[in-house]
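Colleague: Read off the chains here:
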Amino acid sequence: MDSMLHITTLHYLVLGAALFLLGVIGVLTRRNVVVVLMSIELILNAVNLNLVAFSHYWQGMPVPLGGGSLALHGQVFAIFVITDAAAEAAVGLGILIAFFRNKETVNIDEVHLLKW
Amino acid sequence: MLSGMMLVGGILVITRKNPVHSALALITVLLAQAAIYLMLYAPFVAGVQIILYAGGIMVLFLFVIMLVNIDRAAKEKTFNSQWLVGSVAAIALGGLFVAVYIKGNNIFPEHVMPGVADNSNTQNVATLLYGQYMFAFEIASLLLLVAIIGAVVMAKKRI
Numbered sequence: 066m067d068s069m070l071h072i073t074t075l076h077y078l079v080l081g082a083a084l085f086l087l088g089v090i091g092v093l094t095r096r097n098v099v100v101v102l103m104s105i106e107l108i109l110n111a112v113n114l115n116l117v118a119f120s121h122y123w124q125g126m127p128v129p130l131g132g133g134s135l136a137l138h139g140q141v142f143a144i145f146v147i148t149d150a151a152a153e154a155a156v157g158l159g160i161l162i163a164f165f166r167n168k169e170t171v172n173i174d175e176v177h178l179l180k181w
Numbered sequence: 462m463l464s465g466m467m468l469v470g471g472i473l474v475i476t477r478k479n480p481v482h483s484a485l486a487l488i489t490v491l492l493a494q495a496a497i498y499l500m501l502y503a504p505f506v507a508g509v510q511i512i513l514y515a516g517g518i519m520v521l522f523l524f525v526i527m528l529v530n531i532d533r534a535a536k537e538k539t540f541n542s543q544w545l546v547g548s549v550a551a552i553a554l555g556g557l558f559v560a561v562y563i564k565g566n567n568i569f570p571e572h573v574m575p576g577v578a579d580n581s582n583t584q585n586v587a588t589l590l591y592g593q594y595m596f597a598f599e600i601a602s603l604l605l606l607v608a609i610i611g612a613v614v615m616a617k618k619r620i
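If you read the protein sequences in the order shown, they are chains W and D. Using my numbering, the letters of the first sequence map in sequence onto residues 66 to 181. Using my numbering, the letters of the second sequence map in sequence onto residues 462 to 620.
Among these hints, one or two may not hold up.
What the hints assert, rightly or not - 25 Å max Cα-Cα, derived DMTMM-like pairs, lysine to aspartate or glutamate:
id	chain 1	residue 1	chain 2	residue 2
1	D	478	W	174
2	D	564	W	169
3	D	618	W	175
4	W	168	W	153
5	D	564	W	175
6	W	180	W	169
7	D	478	W	175
8	D	618	W	169
9	D	564	W	174
10	D	618	W	153
11	D	564	W	149
12	D	564	W	153
If you're looking for bench data, these hints aren't it; they were derived computationally from the structure.
Working from the sequences, and respecting the hints, build out all of it.
Modeller: In structure tokens:
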């Protein structure tokens, strides 16, 4: 039992950072617009994981320092981030549909009208 | 094991050629994340994530993938024309993360996490949400209204 790996907050932060990095790679290198939007959702999920991990950390702190079992500010923030992600996904996909109606393609490389 | 599933799902999202495969991998990531939220004693956020994210947003993505008919795109290249610069930038960001981890190693919280075992998590979240964050809650509903109007206007044929 002593050699069991304790899962600390740091492990959740590292996992969130790794997911964030994967999302950033997806945004910067994919050609398909839908996959870019899905990578943005991956980034937002990594941020949510950080928030909820820190909220659990603060639940273990004593109450005068701002902790206690009612210190769920991170979870409330995570709910707001999920709501925001829904709104932005809807608007982004609306833009995608309008763009596809004009150009019949879903490549980002074809969006170069503003290029100099 | 859950984190391994999330990382494999994330890698699958960014590397599959068919976007339907990417969407299914993202659903896997979201479900694994809901399980991790349960491990972090946050059942309300886990439920919200499954209902809203995996059940709403991903269904929206799948509908749009079906609308945007990309049979032709399945034969094209996967990575765009600036993938080298993008990969270098992302690796630079990863190096920044590693540098932050190495330099500031003693300020990261490393103690063992406590096991909070009360059954009223939803009630506590509701106390905070409708009490202290009531203004943000109303603004979020206004934001959703604006997003609905925006999405409808963007996808109409004639305004």
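Colleague: Give a verdict on every hint.
Modeller: Comparing the hints with the structure gives:
no.: 1; hint: 478/D with 174/W; result: holds (16 Å)
no.: 2; hint: 564/D with 169/W; result: violated (49 Å)
no.: 3; hint: 618/D with 175/W; result: holds (22 Å)
no.: 4; hint: 168/W with 153/W; result: holds (22 Å)
no.: 5; hint: 564/D with 175/W; result: violated (42 Å)
no.: 6; hint: 180/W with 169/W; result: holds (20 Å)
no.: 7; hint: 478/D with 175/W; result: holds (18 Å)
no.: 8; hint: 618/D with 169/W; result: holds (15 Å)
no.: 9; hint: 564/D with 174/W; result: violated (39 Å)
no.: 10; hint: 618/D with 153/W; result: holds (21 Å)
no.: 11; hint: 564/D with 149/W; result: violated (33 Å)
no.: 12; hint: 564/D with 153/W; result: violated (35 Å)
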